[in-house]
Structure formats: C-alpha cells, structure tokens
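Sequences are here, hints too, so could you generate the full structure?
Chains A and B supply the protein sequences, listed in that same order.
Sequential numbering of the first sequence, starting at 714, is according to my numbering.
Sequential numbering of the second sequence, starting at 447, is according to my numbering.
Heads up, a few of these hints could be off.
[What the hints assert, rightly or not] Here are some, though not all, of the chain B residues that point toward chain A, as calculated from beta-carbon distances under 10 Å:
no.: 1; residue: 475
no.: 2; residue: 497
no.: 3; residue: 500
no.: 4; residue: 506
no.: 5; residue: 509
no.: 6; residue: 511
For the record, the hints were derived by calculation from the structure and aren't laboratory data.
Where is the CB? At the ideal position from N, CA and C, for every residue including glycine.
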Amino acid sequence: MKMKEKDEFLKQMENLKVPEVNPQEHPQLVKMAIMNADRSAVLGVWLIVVPCYFLFCVFMYYFSHIRVGTSWFAAMFRLMSSLDKTRYIDFLGPVIMVVLPIVCIMINSLAIIHVNVQKTGPRQSTVREFSVTIKIKVWNILLILISLVIVGTFIAYVMTEHISVSN
Amino acid sequence: MKLNWFTRKGVIYWPASAIGWVILVIAVAYAVYTFIDIDSRSHSGSDTMINFVFNLLLIGLIYTIIAYFTEARKAD
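Below is the structure:
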C-alpha cells in the first residue's frame, strides 16, 4: 500500500509542469512614483486656489459685459495692484502667480511620472534605454494643466507689459 | 520623525491631536482678527470681503502646508 502511494506521488511529481523562464524577456518593474498622488493633488488644489481666484476676478473684471457685481472684481483687482505698491509685501504677487503653481506642477509631476534608465542590448552594456512612464491620474494631470495655464498667463502678461513700456 | 497631528478627509485636513487642534484654533482666531482688522479699515462690504477672502485662502494654504507635513500616514 505504501509503495503504491509512493509510486503515485513520484508519478505526480514527474508530470508536474515547470514554468518556463525566459531570461531574455524584459523584466517586470515596480513603477513607484516619488510622491503620493492623492496627497499631492490635495496640496496642489490649495496651491492654485489663490491664483485661480485672482485670475477669475481679473477675467470677470475685463470681459464681463454684465455689470452686476463688478465692484467685487474691481476690488480684487485693486487689491492685487496694491500688493505691488506696498513696500514689504511686493514680492507676494509673483510668489502667488508663479512660485505656487510651479510647486504644484513639481509635486504633481513627481506623483505621476516614473523614470527608468537601464542597459539593454545583447550584452546588457552597449545601449542605454531611458523610459518615462506617466500614470493616468486625472486630478494630478488637471492640476498640472491649470498650473501651466496660470504660469503662462502671468508670463504673457509680464512680456506684453514689458514690450508696451519699452515702446 | 512621525507626527500625527492631522488626518485628511477629502481636501481638508482635520486635527487628530491636541497640537493639531491648537493650530486650527490659532488659524481660526487669526482669520477672525484679520476680518475685524480689514473691516475697520475698509470702505465697503465688497472691499472687506475681497480682502478677507484673499487672506482666508492664504491662511488655509499655510494651514494645509503644515498639515501636509504632519499628517498621520496610512499604512500601505
């Protein structure tokens, strides 16, 4: 009885399928981002809420044909221009309009981008491969795009003002 | 160093310890003080609100930055 069981066991072991491992195949990677996507999105929202509020007020002030509530937008516009003229807080305008959105772009980019450099080729030493992976995280991508628009708008404003002043 | 002062629910950080509550109370007290200060110097309601909302958002930003670095991390 025991011998029969042993034979069956040996047969089962012989018929076991061993998984095939191909060493040439591209190895699987764990693509870890540097920062947490959810936390970066939350901080990003707070970083761009002030410039978004300011831009919204400016656009409404200039482009709104409905004159209801324009005093609100005009007051906001006056506040931001007064920041430039006040001695110790004149740096606050550029910080809000440029530095905060750039920080938002950085932290959200670090949360969704994975970069990998590895050696490829037959001898694993001849060619270097640089691969960038972007995770599709809607909130992070949206915050990056909004921040780019804010920074772009501010740069465009500074450039046009500089050109008009020099002319 | 692990600091578990805040916990996050959505986009808002809530205090999770005594120090967290102290920071929240200071932020709220400063916001109230700012409102009273702006109101005493402004000429109209919209002037007060504009300046106050602007300051409130900045206070919220600073509070969130503190909470971001001191929040309780969930074990992944």
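Status of each hint after checking the structure:
1. 475: Nearest chain A Cβ about 20 Å off; hint violated.
2. 497: Holds - the Cβ of residue 497 of chain B comes within 10 Å of chain A, reaching about 6 Å at its closest.
3. 500: Holds: closest Cβ of chain A sits about 6 Å from residue 500 of chain B, inside 10 Å.
4. 506: Result: holds, 6 Å to nearest chain A Cβ.
5. 509: Since chain A brings a Cβ to about 9 Å from residue 509 of chain B, closer than 10 Å, the hint holds.
6. 511: holds (7 Å)
Violated hint: 1 only; the structure is consistent with all others.
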